[in-house]
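K.L.:
Respectively, the protein sequence lines represent chains H and S.
The numbers in numbering that gives the first Met the number 0 rise by one with no breaks, and the one at position 8 of the first sequence is 7.
The numbers in numbering that gives the first Met the number 0 rise by one with no breaks, and the one at position 10 of the second sequence is 9.
Hints in this document: simulated from the structure, not taken from any laboratory.
In silico DSS-like pairs for lysine-lysine, Cα to Cα no more than 30 Å straight-line: (1) H:LYS105 with S:LYS85; (2) H:LYS105 with S:LYS111; (3) S:LYS248 with H:LYS105; (4) H:LYS65 with S:LYS248; (5) H:LYS92 with S:LYS111; (6) S:LYS257 with H:LYS77; (7) S:LYS85 with H:LYS111; (8) H:LYS65 with H:LYS21; (9) H:LYS92 with S:LYS85.
Here are some, though not all, of the chain S residues that point toward chain H, as calculated from beta-carbon distances under 7 Å: (10) SER18; (11) SER93; (12) GLY254.
Bear in mind the structure is a predicted one, so any value in this text is a computation, not a measurement.
Here a beta-carbon is modelled for each residue, glycine too, at the ideal position from N, C-alpha and C.
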Amino acid sequence: MEKVLNVDSLFKTFGDFVAVDKVSFSLKNGEILGFLGQNGAGKTTTIQMLLGVLTPTSGSISFLGKDFSQHRSELLEKINFSSTYTNLPFGLKVKDALHFISYLYKLPDRKKRVAELVEIFNLGRLLDQRIASLSAGEQTRLNLAKAFINSPSILLLDEPTASLDPENAQTIRDFIIKERREHGLSVLFTSHNMTEVEEICDRVIFIQSGRITLDDTPYNLARKLDLSTVRLLLDTDSAPFQQLISGSGIQIERIGPEISIKMKESEVPQFVNSLVNAKIDFHGLTVTRAGLEEYFFKDRPDNSGKKNA
Amino acid sequence: MLNRIYAIILRYHYATIRSWDRLTDFIYWPFIDLALWGITGAYIEVSSNGGIQVLDSLVCGIILWYSVYRTQGDLSIGILEELWNKNLINIFSSPISISEYRLGLLLYNFLKLIMATLMASLIAYILFGFNFFKLGWIIAPFMGLLALFGWSLGIFVAGLLFRFSTKIQSLAWTIIWIFAPFSLVYFPREILPYWGQIVSLFIPTSYVFEEMRSVLHGNQVIWNNLILCLELNLVYLGISGLFFKSSFKAALNRGLVKIY
Numbered sequence: 000m001e002k003v004l005n006v007d008s009l010f011k012t013f014g015d016f017v018a019v020d021k022v023s024f025s026l027k028n029g030e031i032l033g034f035l036g037q038n039g040a041g042k043t044t045t046i047q048m049l050l051g052v053l054t055p056t057s058g059s060i061s062f063l064g065k066d067f068s069q070h071r072s073e074l075l076e077k078i079n080f081s082s083t084y085t086n087l088p089f090g091l092k093v094k095d096a097l098h099f100i101s102y103l104y105k106l107p108d109r110k111k112r113v114a115e116l117v118e119i120f121n122l123g124r125l126l127d128q129r130i131a132s133l134s135a136g137e138q139t140r141l142n143l144a145k146a147f148i149n150s151p152s153i154l155l156l157d158e159p160t161a162s163l164d165p166e167n168a169q170t171i172r173d174f175i176i177k178e179r180r181e182h183g184l185s186v187l188f189t190s191h192n193m194t195e196v197e198e199i200c201d202r203v204i205f206i207q208s209g210r211i212t213l214d215d216t217p218y219n220l221a222r223k224l225d226l227s228t229v230r231l232l233l234d235t236d237s238a239p240f241q242q243l244i245s246g247s248g249i250q251i252e253r254i255g256p257e258i259s260i261k262m263k264e265s266e267v268p269q270f271v272n273s274l275v276n277a278k279i280d281f282h283g284l285t286v287t288r289a290g291l292e293e294y295f296f297k298d299r300p301d302n303s304g305k306k307n308a
Numbered sequence: 000m001l002n003r004i005y006a007i008i009l010r011y012h013y014a015t016i017r018s019w020d021r022l023t024d025f026i027y028w029p030f031i032d033l034a035l036w037g038i039t040g041a042y043i044e045v046s047s048n049g050g051i052q053v054l055d056s057l058v059c060g061i062i063l064w065y066s067v068y069r070t071q072g073d074l075s076i077g078i079l080e081e082l083w084n085k086n087l088i089n090i091f092s093s094p095i096s097i098s099e100y101r102l103g104l105l106l107y108n109f110l111k112l113i114m115a116t117l118m119a120s121l122i123a124y125i126l127f128g129f130n131f132f133k134l135g136w137i138i139a140p141f142m143g144l145l146a147l148f149g150w151s152l153g154i155f156v157a158g159l160l161f162r163f164s165t166k167i168q169s170l171a172w173t174i175i176w177i178f179a180p181f182s183l184v185y186f187p188r189e190i191l192p193y194w195g196q197i198v199s200l201f202i203p204t205s206y207v208f209e210e211m212r213s214v215l216h217g218n219q220v221i222w223n224n225l226i227l228c229l230e231l232n233l234v235y236l237g238i239s240g241l242f243f244k245s246s247f248k249a250a251l252n253r254g255l256v257k258i259y
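Start from the sequences and build out the full structure, keeping to the hints where you can.
P.N.:
Written out as structure tokens, the structure reads:
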């Protein structure tokens, strides 16, 4: 697939502090790339440099094969962003904001595009409301409408669904996937919601202390961990069960009425088979493959050898 | 390019019509200024049994002063609004350039100035029967030269805001008043102490207000003074433009998200 974004050795310092340390990555046409990391890792700083609102100390950024610093205006016609960290002018009405923003871009039919976005993001009843009076979720929907106003080829989304309820968040995810399918939209997507990232992203990169430490598909990363969680209801005090686990090294965690056991994926059939052979009565068995959440935030040692919080 | 400049005009147009604060700028302050100074002028004329004619020059001075005051204030407050709203990123992550943004802001500013001048003229006519337009076509170069100085100061304050953010925001309202005495809005140059007269020679607006009084007394405009005023304006505009450019560059190095 053709690369629509290429970041090469991007470096940014604030005084002595290195915020982004020679970061290199690319985004392919039609790809949704998860850009993950803990708070302060350098995600937002990188995105600001990609938008041209922060000057890199060194390194290069190119979109659609063109150098960003040389073709800023031309490229920004095809790029847009949404972030929880920015606001549209509070004193304006929703319709005012969409109207003036539509003129920042070359659009064939501004009125039609604004009407489409009002429909998609369910902003119809909010058009005459001041932005200051919108709830966090409504402001997020407006920010997303703003982000799609120029029908971008490349979208940078910084925690776009952070303030949304599950239903609206799903609508937004579905819309992004539809835009990718129908118009080849490419997306750089940051989120702390790992379930969302697994659902939507083709690939993820992980930034830690300003450096990219991982670049892989969510599936491969989870497989590397080779961890499954078995949850079931049973009598843990029963003699057969006690006999089964004694000396096996199995660690049990109680979650309400259930017990949860972490083990390698390959060990799960053998464990279930042992329960059956020992005639242990159990119910509600579920097996969950480890996801990104476990990978990034629970079980992966960081560079210092400590576990991540 | 034109669509982006128009976007900025629209952005500030909406900010004005949705804000009572902004709308009062058109009526409330001109009314208060004109009423206070006009009545003071009328009192001086009555007290001197008509020996001192100051009402017209005071009222005319106030209306023209708006060309400096409003352009500087509106330009600086326009930038401040973007900082208060954290809207800089939305604007500058679009294809617009800083020059287009500044031009859009200046054009909107100019439209607003015309509206404000018309409103102040109407108030002056209603309150004192003073016809501002009796000055004739010379009003246009007077207002243009005054607006140029207002823009120089506005652009300079905008540069300061990009460097120091809202920590120095009060300058947006106050900086203009440092120049008011040396602009000779209400009195001729000779009234100032000697050192003040020297300072006023370097303030472009002083030449316009001196010429305004001269025209009101039936004299001809001395064009050399207005050309000198234009030259000074161009120097100040150049300096403030360079300062703004370097400040914006510094702001981009810090990140626009951190400017608020």
